[in-house]
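S.K.: Chains as they are written, first to last, in our numbering: chain A, 1 to 348; chain B, 1 to 348.
Quick caveat, the hints were computed from the structure, so don't treat them as lab data.
Here a beta-carbon is modelled for each residue, glycine too, at the ideal position from N, C-alpha and C.
Fair warning: there could be bad hints in the mix.
Here are the simulated BS3-like cross-link-like pairs (lysine-lysine), alpha carbons at most 30 Å apart as the crow flies [to be verified]: (1) B:Lys142 to A:Lys242; (2) B:Lys200 to A:Lys194; (3) B:Lys261 to A:Lys261; (4) B:Lys273 to A:Lys142.
Coverage of chain B stretches by chain A, computed from C-beta distances (three or more under 8 Å per stretch; other residues unrestricted) [to be verified]: (5) 53-60; (6) 150-161; (7) 192-199; (8) 215-223; (9) 236-245; (10) 248-254; (11) 257-266.
Residue-level listing of the chains:
There are 2 protein chains.
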Amino acid sequence: MRIALDAMGGDYGSQELVAGAVQAVCEFGHQVVLLGDRQVLQEALARHRAQLDGCPSGSRLNHISIVPTTQVVGMDESPMEGVRRKKDSSIRVAFQLLHQGEVQGVVSAGNSGATLAAAVKEVGRLQGISRPGIAGIFPTLKKPLVVMDVGANVDCRPQHLYQFAVMATAFSRALFGIEEPRVGLLSIGEEGGKGNALVKGAHDLLSHSVLRYIGNVEGRDFFRGEVDVMVCDGFVGNICLKLSEGLAEALVAMLREELSKSLTSKVGYLLTKTAYANLRRRTDYAEYGGGPLLGVDGTGIICHGRSNATAIKNAIRVAAELVQNKMNDRILEMLVPAEPLSVAPDGV
Amino acid sequence: MRIALDAMGGDYGSQELVAGAVQAVCEFGHQVVLLGDRQVLQEALARHRAQLDGCPSGSRLNHISIVPTTQVVGMDESPMEGVRRKKDSSIRVAFQLLHQGEVQGVVSAGNSGATLAAAVKEVGRLQGISRPGIAGIFPTLKKPLVVMDVGANVDCRPQHLYQFAVMATAFSRALFGIEEPRVGLLSIGEEGGKGNALVKGAHDLLSHSVLRYIGNVEGRDFFRGEVDVMVCDGFVGNICLKLSEGLAEALVAMLREELSKSLTSKVGYLLTKTAYANLRRRTDYAEYGGGPLLGVDGTGIICHGRSNATAIKNAIRVAAELVQNKMNDRILEMLVPAEPLSVAPDGV
Numbered sequence: 001m002r003i004a005l006d007a008m009g010g011d012y013g014s015q016e017l018v019a020g021a022v023q024a025v026c027e028f029g030h031q032v033v034l035l036g037d038r039q040v041l042q043e044a045l046a047r048h049r050a051q052l053d054g055c056p057s058g059s060r061l062n063h064i065s066i067v068p069t070t071q072v073v074g075m076d077e078s079p080m081e082g083v084r085r086k087k088d089s090s091i092r093v094a095f096q097l098l099h100q101g102e103v104q105g106v107v108s109a110g111n112s113g114a115t116l117a118a119a120v121k122e123v124g125r126l127q128g129i130s131r132p133g134i135a136g137i138f139p140t141l142k143k144p145l146v147v148m149d150v151g152a153n154v155d156c157r158p159q160h161l162y163q164f165a166v167m168a169t170a171f172s173r174a175l176f177g178i179e180e181p182r183v184g185l186l187s188i189g190e191e192g193g194k195g196n197a198l199v200k201g202a203h204d205l206l207s208h209s210v211l212r213y214i215g216n217v218e219g220r221d222f223f224r225g226e227v228d229v230m231v232c233d234g235f236v237g238n239i240c241l242k243l244s245e246g247l248a249e250a251l252v253a254m255l256r257e258e259l260s261k262s263l264t265s266k267v268g269y270l271l272t273k274t275a276y277a278n279l280r281r282r283t284d285y286a287e288y289g290g291g292p293l294l295g296v297d298g299t300g301i302i303c304h305g306r307s308n309a310t311a312i313k314n315a316i317r318v319a320a321e322l323v324q325n326k327m328n329d330r331i332l333e334m335l336v337p338a339e340p341l342s343v344a345p346d347g348v
Numbered sequence: 001m002r003i004a005l006d007a008m009g010g011d012y013g014s015q016e017l018v019a020g021a022v023q024a025v026c027e028f029g030h031q032v033v034l035l036g037d038r039q040v041l042q043e044a045l046a047r048h049r050a051q052l053d054g055c056p057s058g059s060r061l062n063h064i065s066i067v068p069t070t071q072v073v074g075m076d077e078s079p080m081e082g083v084r085r086k087k088d089s090s091i092r093v094a095f096q097l098l099h100q101g102e103v104q105g106v107v108s109a110g111n112s113g114a115t116l117a118a119a120v121k122e123v124g125r126l127q128g129i130s131r132p133g134i135a136g137i138f139p140t141l142k143k144p145l146v147v148m149d150v151g152a153n154v155d156c157r158p159q160h161l162y163q164f165a166v167m168a169t170a171f172s173r174a175l176f177g178i179e180e181p182r183v184g185l186l187s188i189g190e191e192g193g194k195g196n197a198l199v200k201g202a203h204d205l206l207s208h209s210v211l212r213y214i215g216n217v218e219g220r221d222f223f224r225g226e227v228d229v230m231v232c233d234g235f236v237g238n239i240c241l242k243l244s245e246g247l248a249e250a251l252v253a254m255l256r257e258e259l260s261k262s263l264t265s266k267v268g269y270l271l272t273k274t275a276y277a278n279l280r281r282r283t284d285y286a287e288y289g290g291g292p293l294l295g296v297d298g299t300g301i302i303c304h305g306r307s308n309a310t311a312i313k314n315a316i317r318v319a320a321e322l323v324q325n326k327m328n329d330r331i332l333e334m335l336v337p338a339e340p341l342s343v344a345p346d347g348v
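Whole structure, please, built from the sequences with the hints as guidance.
M.R.: See below:
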């Protein structure tokens, strides 16, 4: 198993990304190809020589390699334009390697729009999928929830939401081993008749699908763990993702402020530190490293910009699992029963 | 100042609603008219005789009255249908009293769709407003944030979002005294070009308005307190509202679980109880009682179904403040400079 890592993205720079790659190599035994500036990556890698040589299961020095690239699509750059123009960008070459079969998956913490654009350009869409998208993984009181789309497609039609449901179902199976994930349609009332025009159309399609569709779900259902897959357009999904992060941060900030107001509560906080650490672990985005890019003819993981080494390590693990569990084959199988919907790209 | 309270809605029943009305009468000196089943309300009121007679500023026994009604629009009933059919429903008669000038505002914790429908039927839309809606009040790290719409209008056009911005601005001024509220447009990227078709259209309108428009904001901006008014369609707004409630509850549930795992953390929790109580107070929906119904020719407050007496008391206070501060006049004044947009209802 060989995974390509775009080692030029992410808020913490190449050092952190390479550290994550080294952890993945040592822990899981996967091969990793780093893409980016030759000198930067060689220097970053040199610091990990001893660690790679002394992995518990033997030296892994030959498990990691560098494919030098000379360009980067920046975070603020127009994705389509950047990818089109920068032929030797780390993200574009990563998906070229995937197309050529040199690697089986790609992980990136860079510009997510550019990652999607590079994937579509180099490996293309999966047969029958009109719009690839990004799935997000949300912690809940029970099992993690897969939400799709979380930002790639802002104006959608019912068919797109139906396809998101198929893809996210296949992903939930491949990563979490849930054989029949419960699929909910994000809306503003539980009755099928409630919601906007998009949701009403999608409800009809999902009701007649082979998926385990449980109907409309609401904003309050994100964290209860009563649904495994939630479907929405990328505008709504992205707002929900960022609102969740923002609210969790705000609550922590408010609580910290309140806890620091008296000596008693400061002492109390010290005694409850383990509980907070456990809560942090349970809600840590780094556990899965990022969201999968679903609907392209290959495997890609889009990581959060502020991914640390652990997140990168886990993203590499997740990419490998999706390949091993043949997620894309499962998507194709599920699309077949809904023949009239698996129309050609742009024809929907 | 006389406010009508639909005393048949709410998860906790008429007892709780009447208790809230009594508090408002005693504390603020407003008059309250209770609408609902005569016997139920007389019994509920009888329990508060002594309290009303002994208000700090003298007896308020004559400040509260009952207007008996025989019907109720249920929580699961179709709002339009229910309001049309049930001519003697508490919510419809409440807005009739408003129309007749018998009361200056209406508060309801019942079916919010029915409250909106009854308001439009009895008092009508405010001149120039195409779609009345409901504003939500979110706690933030700084001042409260007003979000509109949080559920009344699911499929919107740019003009509707522009009008939401005008109405929410007037509300923010009237209730929080912010003279020039900063208005943000909820989207998925800060650049004006980012978002769906609706948001791009609204961005153009807001950019040329008299409002203090600061541009696109994201989901993470809900709780930072850097914006005073946030505009979105009712589908997105309702999901954000319920997601926020759900996430806060889930985090508390997870933390409680973690805190109960060891004796040390249990003791620690006891020492930090005040901090938690303060946090709860800072994020308590009851402080404003509910969200205003904006865009109808009168003043209405829609309360959360699970409103307690405190929430009802505060909703009555907020209704009176909106009347005193002539919020609707301010909306009309602001709509004037944007003449081409203040078209007739349904003409947009």
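S.K.: Decide, hint by hint, whether the structure agrees.
M.R.: So, going through the hints one by one against the coordinates:
1. B:Lys142 to A:Lys242: 19 Å, holds
2. B:Lys200 to A:Lys194: Holds, at roughly 25 Å.
3. B:Lys261 to A:Lys261: Status holds; Cα separation ~25 Å.
4. B:Lys273 to A:Lys142: 26 Å, holds
5. 53-60: violated (count 0)
6. 150-161: It holds, with 3 qualifying residues against the three required.
7. 192-199: Our answer is that it holds, as 4 residues pass the Cβ test (under 8 Å) against chain A, meeting three.
8. 215-223: holds (count 6)
9. 236-245: holds (count 9)
10. 248-254: holds (count 6)
11. 257-266: holds (count 6)
In summary, the structure is inconsistent with hint 5 from the numbered list given earlier, while agreeing with all the others.
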